[in-house]
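Novice: Taking the hints into account, I'd like the entire structure generated from these sequences.
As a plain string of letters, each chain reads:
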Amino acid sequence: MMAYGIRENERSLFIYVILFLWLGLLGLFGAENGTFAAAGFKQPLLFGAIVSFGLIAVHLLLEKWRFRGDQFLFPLTSMLSAAGLVMILRLEPDYAMRQSIWLFAGLAAFLATVRLLQNYKRLEDYKYIYIFTALILLLATILFGVEAGGARSWIDLGIARFQTSEIVKIILVIFLASYLEEKREVLTEGTRNLWGIPVPGVQYIGPLLVMWGLSLVLLIFQKDLGTALIFFGTFLVMIYISTGRWSYILFGSFLFGLGATLCYFFFSHVRVRVAIWLNPWADMEGKGYQIIQSLFALGSGGTYGTGIGLGQPNLIPAVHTDFVFSAWSEETGLAGAIAILIIYCFIIYRGFRISLAAHTGFGALLAAGLTSLLAVQTLVIVGGVTKLLPLTGVTLPFVSYGGSSLVSSYIMLGLLMRISAEG
Amino acid sequence: MMNRNIVVVAGLIMAAFFINIVYMTYLQVFRSDELLNHPRNRRLQILEEKILRGKISDSRDRVLAETIISGESGKRVYPYGEITGNVTGYLSRKLGRWGLEAVYNQELLGLDSGLAGDGSWALNMLDTGKPGNDIVLSLDAELQKTAYDMLGNRKGAVVALEPGTGRILVMVSKPGFDPGQIESQWESLRIHPDSPLLNRAAQGLYPPGSTMKVVTAAGILAEQPDTVSRTFEAPGYIEVEGRRIEDRQAKGKLSLAEAMARSSNYVFASLGMELGAAKFVAAAYSFGIGKELPLETTAAQSRIPEPGEMSELELAETAIGQGRLLVTPLNMAVVAAAVANGGKVMKPSLVDEVRGPGGGVIRSFKAEQILTPVSAETAGIIRELMVAAVANGTGRAASIPGVQVAGKTGSAENPHGSAHAWFIGFAPAENSEVAVAVIVENGGAGGTEAAPIAREIMKKVIRQ
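As given, the protein sequences belong to chains A and B, one line each in that order.
FYI, the numbering used here numbers position 411 of the first sequence as 411, with every residue one higher than the one before it.
FYI, the numbering used here numbers position 116 of the second sequence as 116, with every residue one higher than the one before it.
Hints in this document: simulated from the structure, not taken from any laboratory.
Please note that a few of the clues may not be correct.
[Stated by the list, open to error] Partial pick of chain A residues on the chain B-facing surface, computed with a CB cut under 8 Å:
| hint | residue |
| --- | --- |
| 1 | Tyr16 |
| 2 | Ile171 |
| 3 | Thr303 |
| 4 | Ser329 |
| 5 | Leu356 |
| 6 | Gly361 |
| 7 | Ser372 |
| 8 | Ala375 |
| 9 | Gly383 |
Just so you know, even glycine gets a beta-carbon here, dropped at the ideal spot from N, CA and C.
Specialist: In structure tokens:
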């Protein structure tokens, strides 16, 4: 026992994660769900054992390395992944094994980040390499990408598909953190007044325009409204944190609004998205079908939900990727939905705590940027499936089915924990 | 400096999450019922196909609707077919639900066990073997059949209810439809000129003709109790604003009782005008005419013009049941029941009990007074007038040997051909067991066409 003193909080929290996972699996056994019964008993049991083993092993490794980083983040994200795995096992049993392999890939990426990036501050030195890489990746996707679910965001690597925007978004946050840290003072000084409205000087809005352009490229060429929204939202948050100037936010939002308006008039797929958002009931059996099915799932779940395995979330098309939150909310009700949202709030809270405690401006910006990225992405998809925002096909971090998303989420977790371990 | 910015951003993000939580609450709590019951939400349908839907039976355990399992799927059968189709309603995957099948859908599926208001619980009951609840009606299917058969090939409606409780014993609409054949016959039923899909008893709107004189009498007696001892000199017609309303059957010196017995248009049109539009319409409202009358299934609201919109002529016409006044047969049965029950209107109802699959009573109907149009005293006077109308007036065909019957006939002129034959009444006059309203469309005189049907129903209820 003495050997395991460092991460005691994490260990005690882990009891609940494992309990949660197995209770979820147990619920599925009780449910006599048709799709699940077909898979038999063996697979879920094996599945539960492997996942429990993987999660515990990561904790033990962190303990063994005497890693002094945050003790709350990993149990929280594990909780989310456990919920995601149970839901995927329930929704698409055939995908569950693949998802657990992705989880292991994510955990490996997480451990690698924590272990190999002992001095994360060195990330600051290669900022132009990042932006270059990001642009190459995006360009490659546009040129060689394959389309899935209406968005052209994947590169086919033969054995698996890889969603470039998932890795690009991390690279971008690292780039922005180093760029903004370097230019912080200049950016803060350089504002003028234009008819009483503070406007950043022309020479300082260059990066703003680059980010704007990048988002529009995503929007136009990849038809990926969600990722564009996440990129730009994260960017605005980071520039505000580094400068404290609302003028950047105002100007940036204006630019984004302008771009979005132009796209609305030039591209029919954007118009369709907006029309569905405003009134999906008008085309209930056609374009509005998916979001309406999601609303039905949420409403039918009510306060306490139907119980895991007892609802009918399979009525929603693509439920295991974009709509896993709707499925979860149908079967666990408002209570379960709020629980998940609160877990995200805790993660975000810890993320900003790490940012506040960081020793360098770069560390603080990086932590805040990663946290904001996570928050914006969660808000965009949760808002999307509840029709609070236009629906965009982004994943729910740590929960949705999807390898690229899971791996990138765990890399972000690794970075956050690395920053928290400094000093 | 940067720390402050981080706190601001964290606060904003938390606020956004809070908004999301509030919105989720709105969707999952406040819009839950609406979304769960939305016709395009297939969840309830999926559930329904797994649940053995409960029976609908009459007060004597005769089955009106039940689901019989044949092989994999269940088939809904309606043993009384078109006789009770207007009450049970129908159930079809293609056409949806209507009637009691629609109103009591949740109960019949067993999804209502005290968990209303939260849709999640409904889905939680996904217990494939468990049958739904049964609905027991106040209806008497054999009485219903008697009324249905007596209408023969005439169109019309019959309503009979218990004055003291409001329990509906008969609710016939003819022509009817067979809910078991609804899908195959839908098109022809829909375009049929006699509208068999309309539940005439509760949704049909007709001029009440002279049966309205009961309401007019109630209005004037409540206002001027001494009217009962007045005598009238009836000239055989009445002229209002240059229009002459004929009244040949009641000429000469008439007491109020004689005026009612011989259905004097002169006397009741005059009394209506004496009462004035405002008080007359208020009297009609007090019987539920022009007001919403509650019922488990779809019911139309009787229509009476606003007092301000009525000319003197229209007031005179309305007082004798013509003009723009339109009532449902159910409403006229309620008028008769109000007089029978000492001036108290009980809420009309079709459903007695909801029983669980084991037969235990889950919910039972309680009699509820909804209106008090007249005092017990005034009701007593009107009853005597109605007794006279059956004993030696137009309603003789309703009399039953050994039982005092109260009633009023009507022949309502209408633009669709001969007059509608009406009879409303109750028996026995004291401590009534049953109140009825009968309408035979374009049947002519109420005394010969409608009264015999009412008589048969009242006789059967009393003999039981």
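Novice: Hint by hint, work out which the structure violates, then give me just those numbers in ascending order.
Specialist: 1 and 2
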